[in-house]
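Could you build all of it, start to finish, from the sequences and the hints given here?
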Amino acid sequence: MSDEQKKPGFGKKIGMGCLIILGIFIALAVLGAIVGDRNKTASSESAPAPAGASSGEPAFETPQESEEEPASTLTGPQSNAARTAANYISMSGFSREGLIGQLSSDAGEGYDVGDATVAVDSLNIDWNEQAVRSAKQYLSMTGFSCKGLIQQLSSSAGEKYTASQAKYGAEQAGAC
Numbered sequence: 001m002s003d004e005q006k007k008p009g010f011g012k013k014i015g016m017g018c019l020i021i022l023g024i025f026i027a028l029a030v031l032g033a034i035v036g037d038r039n040k041t042a043s044s045e046s047a048p049a050p051a052g053a054s055s056g057e058p059a060f061e062t063p064q065e066s067e068e069e070p071a072s073t074l075t076g077p078q079s080n081a082a083r084t085a086a087n088y089i090s091m092s093g094f095s096r097e098g099l100i101g102q103l104s105s106d107a108g109e110g111y112d113v114g115d116a117t118v119a120v121d122s123l124n125i126d127w128n129e130q131a132v133r134s135a136k137q138y139l140s141m142t143g144f145s146c147k148g149l150i151q152q153l154s155s156s157a158g159e160k161y162t163a164s165q166a167k168y169g170a171e172q173a174g175a176c
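Per the numbering used here: the sequence shown ends with 176, consecutive numbering throughout.
Hints in this document: simulated from the structure, not taken from any laboratory.
Since we're looking at a predicted model, the values are computed, not measured.
Think of the CB as a built atom: it goes at the ideal place given N, C-alpha and C, for glycine as much as any other residue.
In the DSS-like style, the derived pairs of lysine-lysine whose C-alpha atoms are separated by at most 30 Å in a straight line are: (1) K147 with K160; (2) K136 with K167; (3) K136 with K147; (4) K147 with K167; (5) K160 with K136.
Distance ranges between label pairs, derived from CB positions: (6) T142 with T73: 41 to 47 Å; (7) E171 with M141: 16 to 22 Å; (8) Q172 with T73: 31 to 37 Å; (9) K147 with D112: 35 to 41 Å; (10) S140 with A163: 20 to 26 Å.
The structure is reproduced here in structure tokens:
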């Protein structure tokens, strides 16, 4: 062992160096996610998918501004919540109530419930298709009876789909 390694505080210097390097990597990852998200948002806004698209893309359309409108009808927080909602929908199936809850929850995004509601309603989302996606996600993890899957999808403690959306999702996913 060298004399430098025997000095008190040597381990603290190594630890601090590791923390700095870790901090740099985290900062780069966050920056990459932000830049990637902006590019993804810009490309999705320029060419949104049709609501019924079966290409594996999420079943929703982003709100389009006509060239005649000078400004969006959404406020800043509502616009941010709409972008966040679109990101959630691109990753997983959500019910309308579940998505509003995720956006407005203190454990989620923390948007005002009113802003979250306006944001979600500004998107053209096919809720039946979202129910199918959720049902398929559940079935990929474990087995469900038709009745059990419908209950999970429509439960207020579960996904919060309407009864008809839950039934449609379970049927289309092959559980019934």
